[in-house]
Amino acid sequence: MQKSHEPGHKSSDKYFKYREKDDTISMSNESTDDMNPSDIEQQLRQKLPDATISVQSEDHIHFVATVVSQEFRGLSRLAQHRKIYAILQEDLKEKIHALQLITKTPEEA
Amino acid sequence: MTPDTKNRIQTLIDTHRVLLFMKGTAAFPQCGFSYQVANILQQAGTEFEDINVLEDETLRQGIKAFTNWPTIPQLYINGEFVGGCDIIKELHETGELAKLLSEKKEAADSTT
Numbered sequence: 001m002q003k004s005h006e007p008g009h010k011s012s013d014k015y016f017k018y019r020e021k022d023d024t025i026s027m028s029n030e031s032t033d034d035m036n037p038s039d040i041e042q043q044l045r046q047k048l049p050d051a052t053i054s055v056q057s058e059d060h061i062h063f064v065a066t067v068v069s070q071e072f073r074g075l076s077r078l079a080q081h082r083k084i085y086a087i088l089q090e091d092l093k094e095k096i097h098a099l100q101l102i103t104k105t106p107e108e109a
Numbered sequence: 001m002t003p004d005t006k007n008r009i010q011t012l013i014d015t016h017r018v019l020l021f022m023k024g025t026a027a028f029p030q031c032g033f034s035y036q037v038a039n040i041l042q043q044a045g046t047e048f049e050d051i052n053v054l055e056d057e058t059l060r061q062g063i064k065a066f067t068n069w070p071t072i073p074q075l076y077i078n079g080e081f082v083g084g085c086d087i088i089k090e091l092h093e094t095g096e097l098a099k100l101l102s103e104k105k106e107a108a109d110s111t112t
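Here the protein sequences come in this chain order: F and X. Counting in this note's numbering, the first sequence tops out at residue 109, every number present. Counting in this note's numbering, the second sequence tops out at residue 112, every number present.
Don't read these hints as lab results, they were simulated from the structure. Heads up, a few of these hints could be off.
As the list claims (entries may be wrong) - A few chain F residues facing chain X, derived, Cβ under 8 angstroms:
# : residue
1 : G74
2 : L75
3 : L92
4 : L99
5 : Q100
6 : K104
Note that CB positions come from ideal geometry on N, CA and C, so glycine has one too.
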């Protein structure tokens, strides 16, 4: 995503112009409907400090998260995914349209 | 979720051995994730009931609360929630899904 379109940067005027023209254009990280992969990553890291986390997204509504954590030990894949869903509960209601999950214990990674 | 919706979902789950809540139908899936799971079940030669949540907003929201799972598709086998798209794909790749389907079938048959 183009960081240069964040307000406060040089191109912020351009950003607002785009938003006025057509507010369906999702050019910016700052749109209230959009989410950064790093936001998701941060939330997960807070609750799973030991984890190796990677979150990717091309459009900021569909995400792919890979999480390797020792907290997954002894949990079924279902329970592992539920753990992630619980952490992201709020954003899953609105902002995250689709979240593909890959969860592993350190042993499986 | 109203008790009504809850009962409706429970009845669906109780009356169908393999039940897929999905967006669209098995014949015309309307979401890539739903398509993938329907496709896997069709490949496995499993008969299953497909429920199109896009036709029923109450059901669409209700099933998320019922399963405590925020996404669709959702697969139930013999009354148990098995997983969403990622889990079904993994179970399919490891052969566990086929095992689950056949084991469950035997278990179900033996009770009839």
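In rising order, the numbers of the hints this structure does not comply with:
Checked against the structure, the hints that fail are numbers 1, 2 and 6, while the rest are satisfied.
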